[in-house]
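Protein chains: 2
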Amino acid sequence: MSERVLVQHLQARQDGPVSVSGWVETVRDQKKVQFVILRDETGSVQLVNPATRPAEDGSEQDAGALALTTLISELSHGTFLTVAGELKHDERVKLGGVEIKIGALDVAAAALAETPIAADSGMDKRMDWRFLDLRQRRNNLIFRVQTTLEHAMRSYWIDRDYIEVHSPKLMASASESNAELFSLDYFEDQTAYLAQSPQFFKQMAQVAGFGKIFEIAPAFRADPSFTSRHATEFTSIDAEISWIDSHEDVATMQEELLATAIGAVADKHGAEIKELFDLDIVVPTVPFPRIPLAEAREIVKARGYDIPRTDGDLDPEGERQISAHVLETYGHQFVFITDYHPEIRAFYHMRDEKTGLTKSYDLLFQGVEITTGAQREHRVDVLITQAAEKGLEPEHLDFYFDFFRYGAPPHGGFGMGLARLLMLLLGQDSIREVTYLFRGPTRLAP
Amino acid sequence: MSERVLVQHLQARQDGPVSVSGWVETVRDQKKVQFVILRDETGSVQLVNPATRPAEDGSEQDAGALALTTLISELSHGTFLTVAGELKHDERVKLGGVEIKIGALDVAAAALAETPIAADSGMDKRMDWRFLDLRQRRNNLIFRVQTTLEHAMRSYWIDRDYIEVHSPKLMASASESNAELFSLDYFEDQTAYLAQSPQFFKQMAQVAGFGKIFEIAPAFRADPSFTSRHATEFTSIDAEISWIDSHEDVATMQEELLATAIGAVADKHGAEIKELFDLDIVVPTVPFPRIPLAEAREIVKARGYDIPRTDGDLDPEGERQISAHVLETYGHQFVFITDYHPEIRAFYHMRDEKTGLTKSYDLLFQGVEITTGAQREHRVDVLITQAAEKGLEPEHLDFYFDFFRYGAPPHGGFGMGLARLLMLLLGQDSIREVTYLFRGPTRLAP
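Chains A and B supply the protein sequences, listed in that same order.
For the record, in the first sequence the residue sitting at position 127 is 127 according to the numbering used here, with numbers rising by one throughout.
To convert, count from 1 in the second sequence and add 446; that's the numbering used here.
Hints are supplied without guarantee of correctness; some may be wrong.
[What the hints assert, rightly or not] Quick list of the computed label-pair ranges, beta carbon to beta carbon:
| # | chain 1 | residue 1 | chain 2 | residue 2 | range |
| --- | --- | --- | --- | --- | --- |
| 1 | A | P224 | B | E626 | 26 to 34 Å |
| 2 | A | H89 | B | D761 | 44 to 52 Å |
| 3 | B | K800 | A | D62 | 26 to 34 Å |
[Claimed, not checked] Just a sample of chain A residues kept apart from chain B, beta carbon distances all over 10 Å, derived:
| # | residue |
| --- | --- |
| 4 | D40 |
| 5 | G58 |
| 6 | G97 |
| 7 | L194 |
| 8 | T285 |
| 9 | G304 |
| 10 | R309 |
| 11 | T385 |
| 12 | A388 |
| 13 | K390 |
| 14 | Y406 |
| 15 | A408 |
Worth flagging that the hints you see were computed from the coordinates, not collected in a lab.
Note that CB positions come from ideal geometry on N, CA and C, so glycine has one too.
Let the sequences and hints guide you as you build the complete structure.
See below:
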């Protein structure tokens, strides 16, 4: 493995012997010369071979040269190979100003001649052949951006002494509600459920005295919807912290976290995102704007959109409208909507004693909700009352109520969908584009 | 939230007003003076209050002081509270040389008087009340060690341009074998399976041209065993890399990764691990010793243990014996056992052309297997043949074979159980001790 040179390092390297490995992007098989564009995980490079064709007059020829020419002629798109050759800098070569004259060519695994998808194939077809779809430079970049985004978030937390937890995805009870739960048979007549969120277990870390925790892990929803923002399995980014005064402390952490992480993406991938997505990454300033829900609804109404929902919440168009307003007014892509009525929030959201509204927020990014955050109710008697108001059966929640019977700190946190964040950051129109292998009601494979 | 001072910062702070938050470890309620040991996520501190008891002669007293004394007398172990008071350095105070004279005491949530577990409660009882069990300093430290370990591993990979993937846990087919799979109903008459490992999907990243990837995520096994090393849900640490020459390249990466990560743990937590576990963290030197399986069996036999297994593999006692040999001979806690026969390895392990043995290894740490690593077979025709030899039904694997029909690089990787590594590193006798919330055949809650 030691001798392989990554394509990104070729330009800085002196002319001479070199070995590269990757897959065939294109072959231009001209009569006198053959060109292969080889790609690896870091870039593309032009390989060249002076073709040796069978002599028409039957005169003797170099058998090795003939064989190499034939081998190159028969290369399929996607074939993985290693080439040893001579590196030469040549400013006429558009692709990086270097070229490799092929010495030896070793095919690792040849691709079938017919590629089942093309660059313009539909989304569903592309998902069928996701491993080929992911070879596109844009798609590769998406997952490098994801990597940077997550590492920057984790580093933010680690620098501040957060503990990373891995909460169980198999549960004996529902995590938040009984709706949209996958269930399975679990040994001798038990039923297990797949966690919709780590909500209860990240709260458990607070009563365990962990102080500040985070988790990035899969969550599952048996949600039959087919929108561009929903999946049955998604990566959830969660954090929970103790000794807060209100949801405002959670919002402050989240906005710092996002500004840091998006800043890291802009630094590391900004130029390439510009090239491949024609997009400028905007690193958000802190604090993000905050607007109480009631005021947001007034603003949306004044803009001429009458929200049809009667429960007092925003709908997707309302979210787009308020985000447009914020962008126009404050030049900001993010906005915290605050002060939701308890009726449209989970039972465990703490309520403000004066207003009766929840100490919670939704975070919108470019018109789409990416997060719900809140201070949680840590007083067990209040919590039980609020659960009862929602008609939840206390026997299923008793294990959760127990958490708060032996002492609990004030605490709160947020959950954020990784794919939604990434979709919006890279200007994509569906989370399918930014999910390694999407899972939906009719999509379980590959 | 801004005014709270963490206990670890008290020593360096000047005498004067201070506010701390945490939970009650102990109360010593003496007639003339009351002491409370308060713990937060960073340490413990002594709070003091000169008791004001009701005067026996009925003379007038400070009502506030009386109330505070009563409040402290009634504090339960585990009650979370905030105390504002006066910090005073006093070298006679054993606990950190500081003390806080209580000014105001605000209870966040009072604990029930009876704590359901004690320090010496059995494992099962402690798991029932895991959120209380986790308050122990040792248990808290376990998860801070876990956090450091994981972050060091991810940083190692990120520094080397690995891509982080989140592979799906819901699958249409089995991931490796049909044994020990959880299945669930998935919308209109579909069946989904929970991934036993990300094996196929991390290989998919290689044919997608990702080059080097990692994932730390849950995996699921419907395994009815009750050993100290098995769980139905566990955190799997996985990496996969392209363009390797053999499994040796994977082993080299893994030993560097582990040396780096264990080094980070020793640096950050070494002293505290020594204090709480009476254990010196040994940072392993690289390379780790390597011993071919056949030779390992000879060594074990020469030590007087005759392995009863007839399949040529080691058994748990054989693993302990060979590890003891390596420790005695090389002073090393790790050993790679290599050159396994194909009959005892997965069908996708590549075989050495000369020996017919697989290009794979097991990594043992202190006598316990923590990893299997291998070069994978990337030639689809060979792969199909090897699957057929194992009696696997090709129709269930065709989606996987497809990965290799459109070009593939030589590649390999490993999977490692986080809990096993942590258990051994901290000298624990069960993965239950180092798992946030353990899941086993009879354990689904809390």
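Inset, instruction - Take a quick look at L194 (chain A) and tell me if its Cβ sits farther than 10 Å from every Cβ on chain B, holds or violated. - result: The assertion about L194 (chain A) is violated, with a minimum of 8 Å to chain B.
Inset, instruction - Run the C-beta distances from Y406 (chain A) to all of chain B and say if the shortest one exceeds 10 Å. - result: Non-interface label on Y406 (chain A) violated, nearest chain B Cβ at 4 Å vs cutoff 10 Å.
Inset, instruction - Would you assess whether T385 (chain A), listed as outside the interface, keeps its beta-carbon beyond 10 Å of every beta-carbon in chain B? - result: Fine: 15 Å to the nearest Cβ keeps T385 (chain A) off the interface.
Inset, instruction - Given the range 26 to 34 Å, decide if the beta-carbon distance of P224 (chain A) to E626 (chain B) lies inside it. - result: The hint (26 to 34 Å, Cβ to Cβ) holds, given that P224 (chain A) and E626 (chain B) are roughly 29 Å apart.
Legend entry - Cβ separation check - A388 (chain A) to all of chain B, threshold 10 Å: It holds; A388 (chain A) is separated from chain B by about 19 Å at its closest Cβ, greater than 10 Å.
Legend entry - Reported absence of G58 (chain A) from the contact zone with chain B (all CB gaps over 10 Å): Fine: 36 Å to the nearest Cβ keeps G58 (chain A) off the interface.
Inset, instruction - Take a quick look at G304 (chain A) and tell me if its Cβ sits farther than 10 Å from every Cβ on chain B, holds or violated. - result: Nearest chain B Cβ is 39 Å from G304 (chain A), so the label holds.
Inset, instruction - Measuring Cβ to Cβ, find out whether T285 (chain A) lies farther than 10 Å from everything in chain B. - result: holds (21 Å)
Legend entry - Status of the given 44 to 52 Å range, CB of D761 (chain B) versus CB of H89 (chain A): violated (59 Å)
Inset, instruction - Check the following: the C-beta atoms of K800 (chain B) and D62 (chain A) are separated by a distance inside 26 to 34 Å. - result: holds (32 Å)
Legend entry - K390 (chain A) non-interfacial with respect to chain B [C-beta, more than 10 Å]: Non-interface label on K390 (chain A) holds, nearest chain B Cβ at 21 Å vs cutoff 10 Å.
Inset, instruction - Please settle this one: A408 (chain A) was flagged as non-interface, so is its CB more than 10 Å from every CB on chain B? - result: The claim breaks: A408 (chain A) does not keep its Cβ more than 10 Å from every Cβ of chain B (closest is about 4 Å).
Consistency note: the structure conflicts with the earlier hints numbered 2, 4, 7, 14, 15.
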